[in-house]
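As you go down the protein sequences, you meet chains A and B in turn. Per the working numbering: the first sequence = residues 1 to 313. Per the working numbering: the second sequence = residues 1001 to 1277.
Everything labelled a hint here was simulated from the structure, so no lab data went into it. A quick note: this is a predicted structure, and the numbers were derived from the prediction, not measured. For every residue, glycine included, the Cβ atom is placed at its ideal position computed from N, Cα and C. Just so you know, not all the hints are guaranteed correct.
To be verified - Heads up, incomplete: computed chain B residues facing chain A, CB under 10 Å, no partners named: (1) Thr1089; (2) Trp1160; (3) Ala1236.
Stated by the list, open to error - Below 30 Å or equal to it, Euclidean Cα-Cα: the simulated DSBU-like pairs (lysine-lysine) are: (4) B:Lys1093 / A:Lys194; (5) B:Lys1164 / A:Lys194; (6) B:Lys1144 / A:Lys207; (7) A:Lys33 / A:Lys22; (8) B:Lys1136 / A:Lys194; (9) A:Lys207 / B:Lys1141; (10) A:Lys122 / B:Lys1105; (11) A:Lys194 / B:Lys1266; (12) B:Lys1105 / A:Lys207; (13) A:Lys194 / B:Lys1155; (14) A:Lys207 / B:Lys1266; (15) A:Lys213 / B:Lys1141; (16) B:Lys1155 / A:Lys20; (17) B:Lys1155 / B:Lys1143; (18) B:Lys1164 / A:Lys213; (19) B:Lys1152 / A:Lys207; (20) B:Lys1144 / A:Lys308; (21) B:Lys1136 / A:Lys207; (22) A:Lys213 / B:Lys1136; (23) A:Lys194 / B:Lys1211; (24) A:Lys194 / B:Lys1152; (25) B:Lys1143 / A:Lys213; (26) B:Lys1211 / B:Lys1155; (27) B:Lys1144 / A:Lys122; (28) B:Lys1136 / A:Lys128; (29) B:Lys1047 / A:Lys194; (30) B:Lys1119 / A:Lys194; (31) B:Lys1164 / A:Lys308; (32) B:Lys1155 / A:Lys213; (33) A:Lys308 / B:Lys1220; (34) B:Lys1211 / A:Lys207; (35) A:Lys207 / B:Lys1143; (36) B:Lys1220 / A:Lys194; (37) B:Lys1119 / B:Lys1152; (38) A:Lys308 / B:Lys1047; (39) A:Lys213 / B:Lys1144; (40) B:Lys1105 / B:Lys1220.
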Amino acid sequence: MLEPKQTDTYSVQQLILEKKSKKRWNIEKLIPKLLFLTAVISVLITIGIVLTLIFETFIFFEKVSIVEFLTGHKWLPFASTPSFGVMPLVVGTLKVTVIAAIVAVPIGLATAIFLSEYASEKTRRIIKPILEVLAGIPTIVYGFFALTFVTPVLRDIFPSLDMFNAISPGIVVGIMIMPMIASLSEDALVSVPKSIREGAYALGATKLETTIKVVLPAAMSGIVASIVLALSRAIGETMIVSVAGGSTPSMSMDVTNSIQTMTAYIVQVSTGDAGYGTTIYYSIYAVGMTLFVFTLIMNLLAQFISRKFREEY
Amino acid sequence: MNMTLTGPKKAPTVGIENENADSVFLKETVYETSDLNLWYGENHALKNINLDMYQNEVTAIIGPSGCGKSTYIKTLNRMIELVPDVKTTGQIKYRNRNILDQSYKVEDLRTQVGMVFQKPNPFPKSIYENVIYGPKIHGIKNKKILDQIVEKSLKGAAIWDEVKDRLHENAYGLSGGQQQRLCIARCLAIEPDVILMDEPTSALDPISTLKIEELVQELKKDFSIIIVTHNMQQAARISDKTAFFLNGEVIEYSDTNTIFSNPNDKRTEDYITGRFG
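With the rest of the complex left out, here is chain A (with noise of 0.2 Å):
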């Protein structure tokens, strides 16, 4: 046994007390406040722009009807008789999110499968980081990509296509989402325990087997919540169809013409020349408000389905 070293006297619980007593302010009870401050601010902010899109958007509804704006079938506000009926806009925005989706979901998911079940850890830490990549381009490069590649390479096989169209600027919008889809939804199939899958295999389940009815369902309600919020970022995109989808507001379901989504009219009137206090300038806040709204109850949507699809662990 040693001996302990008696070279210094001093008391630890002596030290502690003396520092204890040059505190002037208790940090523990300060850093909440300051939290909740922060908190507050966010809060504050939202409500500010709520109002704001609140207030112009009543403005725009004491000079053109409400019923008018929601049923009406053509939005052409820069003609001599102006209409805003807000459904082509609509329309275009959820033609492109529709093909956003189509592309997005299937990739983004079985990239998710793939990188939590079957990848290697190389292979893992190879295509997350492009995948990051992929998610960090800046949208006005993949709305040029739209305009300039996948159009020209779609009109070579459909030469039909118009040059501003829904399908071109709906497949770009879809790589642009992907990227979320598999990260948020790897991060959803990865949290489920490893003791569950071991109680798969232990049972006789295949990898496959295990990975489709005990993983993938354990992990729904985050794979549902990624596939809405990327779908929401795809409804709120604005410069990718800004660029290729065009400015002709359409009623058709036909994917292959000319399009405007709301984002995109927002773009247009504020780059353009509406004067202040014009119709053209208090429609952009109605057809903002209309964006919030869908948003707002994807939002709520994904809540509910991931309540309802939530399994326990």
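For this one, chain A is given, so just place chain B on it according to the hints.
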């Protein structure tokens, strides 16, 4: 190596005779492990294991932490292969076929050999769905048969009375002990031949532990059970044979009574009398 292979001295309960039995062995052999060695990378985790296990018996595997007992039981249904960089030599014959032969499909093996884990691991599904998962992946779709399987398995795991009115509720609403019995029911649902239990009571309270121990006694009438436990009293209470593992070796394997009353090896004695481990 100090190892004794002593046959059961009591009268056998099952009368299937072993043809080349020149001894008192009357029970059919389920598992024959010969010269099994296992490495995790460079780490030699199991060294020259030779063990035979018999039908309708409870075989307990005891030993201190890190002695290789969990590794060994996971080798019996090849769950060990989920660990990267595992290498084995030697053979484990299950019903006279070497399971370490890569032509033996693990899915087939695991359909015959069920497993209950250390921590209850029900699927995040309803109680009903948990039980029918096994039969379902093996292609049983008839609703009537599945209903019967659920009732039979839950009764077999002594949990039917507690859950029969809430079969469609999530399994995670059950207590830990109930979850573990549900996992046993899930395992019984595919009517396996052998049930491997890897410290099935280590995460449970004493009352739940007692229930599982009683259940094991009941189950051995229909199944062969191999159980890893760090609780020596548990091994003494429920098993017919006990293998004592130390540092990846089998130090002693014999009748449970012999191991606990008259161990052959000094190290076994030291362990069961609590001098280490």
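Evaluation of the provided hints:
1. For the restraint placing Thr1089 of chain B at the interface with chain A, the shortest Cβ-Cβ distance is roughly 23 Å, beyond the 10 Å limit, so the hint is violated.
2. The interface hint given for Trp1160 of chain B is violated, since its Cβ lies 20 Å from the closest Cβ of chain A, which is over the 10 Å cut-off.
3. A cut of 10 Å between beta carbons decides the hint on Ala1236 of chain B: the least distance to chain A is about 27 Å, and the hint is violated.
4. Restraint check for Lys1093 of chain B and Lys194 of chain A: the C-alpha separation of about 28 Å stays at or below 30 Å, so the hint holds.
5. For the proposed pair Lys1164 of chain B and Lys194 of chain A, the alpha carbon gap of about 28 Å is at most 30 Å, so the pair holds.
6. Restraint check for Lys1144 of chain B and Lys207 of chain A: the C-alpha separation of about 28 Å stays at or below 30 Å, so the hint holds.
7. Distance check on the hinted pair: Lys33 of chain A and Lys22 of chain A sit about 22 Å apart at the alpha-carbon level, within 30 Å; holds.
8. For a cut-off of 30 Å, the pair hint linking Lys1136 of chain B to Lys194 of chain A stands: about 21 Å separates their Cα positions.
9. Taking the CA atoms of Lys207 of chain A and Lys1141 of chain B, the gap is near 20 Å; set against the 30 Å cutoff, the hint holds.
10. This hinted pair checks out: Lys122 of chain A and Lys1105 of chain B have alpha carbons roughly 27 Å apart, not beyond 30 Å.
11. With a CA separation close to 39 Å, the supplied pair Lys194 of chain A and Lys1266 of chain B exceeds the 30 Å bound.
12. Our distance criterion of 30 Å between C-alpha atoms is met by Lys1105 of chain B and Lys207 of chain A, whose separation comes to about 13 Å.
13. Straight-line distance between C-alpha atoms of Lys194 of chain A and Lys1155 of chain B comes to about 28 Å, which keeps the hinted pair within the 30 Å bound.
14. For the hint linking Lys207 of chain A to Lys1266 of chain B, the alpha-carbon distance of about 45 Å lies beyond 30 Å, and the restraint is violated.
15. Of the supplied pair hints, the one linking Lys213 of chain A and Lys1141 of chain B holds, its CA atoms being roughly 15 Å apart against a limit of 30 Å.
16. Of the supplied pair hints, the one linking Lys1155 of chain B and Lys20 of chain A is violated, its CA atoms being roughly 62 Å apart against a limit of 30 Å.
17. Distance hint between Lys1155 of chain B and Lys1143 of chain B is fulfilled; the C-alpha atoms sit about 18 Å from each other, no more than 30 Å.
18. With a C-alpha separation of about 24 Å, the suggested pairing of Lys1164 of chain B with Lys213 of chain A holds against the 30 Å cut-off.
19. A threshold of 30 Å between alpha carbons decides the hint, and for Lys1152 of chain B with Lys207 of chain A the separation of about 28 Å falls inside it, so the pair holds.
20. The suggested pairing of Lys1144 of chain B with Lys308 of chain A holds, with an alpha-carbon distance near 27 Å, which does not exceed 30 Å.
21. The suggested pairing of Lys1136 of chain B with Lys207 of chain A holds, with an alpha-carbon distance near 15 Å, which does not exceed 30 Å.
22. Of the pairs offered as hints, the one joining Lys213 of chain A and Lys1136 of chain B holds, with about 10 Å between alpha carbons and a cut-off of 30 Å not exceeded.
23. A threshold of 30 Å between alpha carbons decides the hint, and for Lys194 of chain A with Lys1211 of chain B the separation of about 27 Å falls inside it, so the pair holds.
24. The hinted pair formed by Lys194 of chain A and Lys1152 of chain B meets the criterion: a straight-line CA distance of about 28 Å does not exceed 30 Å.
25. Distance hint between Lys1143 of chain B and Lys213 of chain A is fulfilled; the C-alpha atoms sit about 18 Å from each other, no more than 30 Å.
26. Distance restraint check for Lys1211 of chain B and Lys1155 of chain B: the Cα-Cα separation of roughly 13 Å lies within the 30 Å cut-off, and the hinted pair is therefore satisfied.
27. Restraint check for Lys1144 of chain B and Lys122 of chain A: the C-alpha separation of about 47 Å exceeds 30 Å, so the hint is violated.
28. Restraint check for Lys1136 of chain B and Lys128 of chain A: not satisfied, since their Cα atoms lie roughly 35 Å apart, outside the 30 Å limit.
29. A distance of roughly 28 Å separates the Cα atoms of Lys1047 of chain B and Lys194 of chain A; the hinted pair therefore holds under the 30 Å criterion.
30. About 11 Å separates the Cα atoms of Lys1119 of chain B and Lys194 of chain A, which keeps this hinted pair within 30 Å; it holds.
31. For the given pair, Lys1164 of chain B sits about 23 Å from Lys308 of chain A by alpha-carbon distance, which is consistent with the 30 Å threshold.
32. Of the pairs offered as hints, the one joining Lys1155 of chain B and Lys213 of chain A holds, with about 25 Å between alpha carbons and a cut-off of 30 Å not exceeded.
33. A hinted pair counts as satisfied when its Cα atoms are at most 30 Å apart, and Lys308 of chain A with Lys1220 of chain B does not qualify at roughly 41 Å.
34. Annotation: proposed proximity of Lys1211 of chain B to Lys207 of chain A is violated, straight-line Cα distance about 33 Å (limit 30 Å).
35. With a C-alpha separation of about 25 Å, the suggested pair Lys207 of chain A and Lys1143 of chain B falls inside the 30 Å cut-off, and the hint holds.
36. For the proposed pair Lys1220 of chain B and Lys194 of chain A, the alpha carbon gap of about 29 Å is at most 30 Å, so the pair holds.
37. Of the supplied pair hints, the one linking Lys1119 of chain B and Lys1152 of chain B holds, its CA atoms being roughly 23 Å apart against a limit of 30 Å.
38. A hinted pair counts as satisfied when its Cα atoms are at most 30 Å apart, and Lys308 of chain A with Lys1047 of chain B does not qualify at roughly 51 Å.
39. A threshold of 30 Å between alpha carbons decides the hint, and for Lys213 of chain A with Lys1144 of chain B the separation of about 21 Å falls inside it, so the pair holds.
40. Simply put, Lys1105 of chain B and Lys1220 of chain B have alpha-carbon atoms about 26 Å apart, close enough for the 30 Å limit, and the pair holds.
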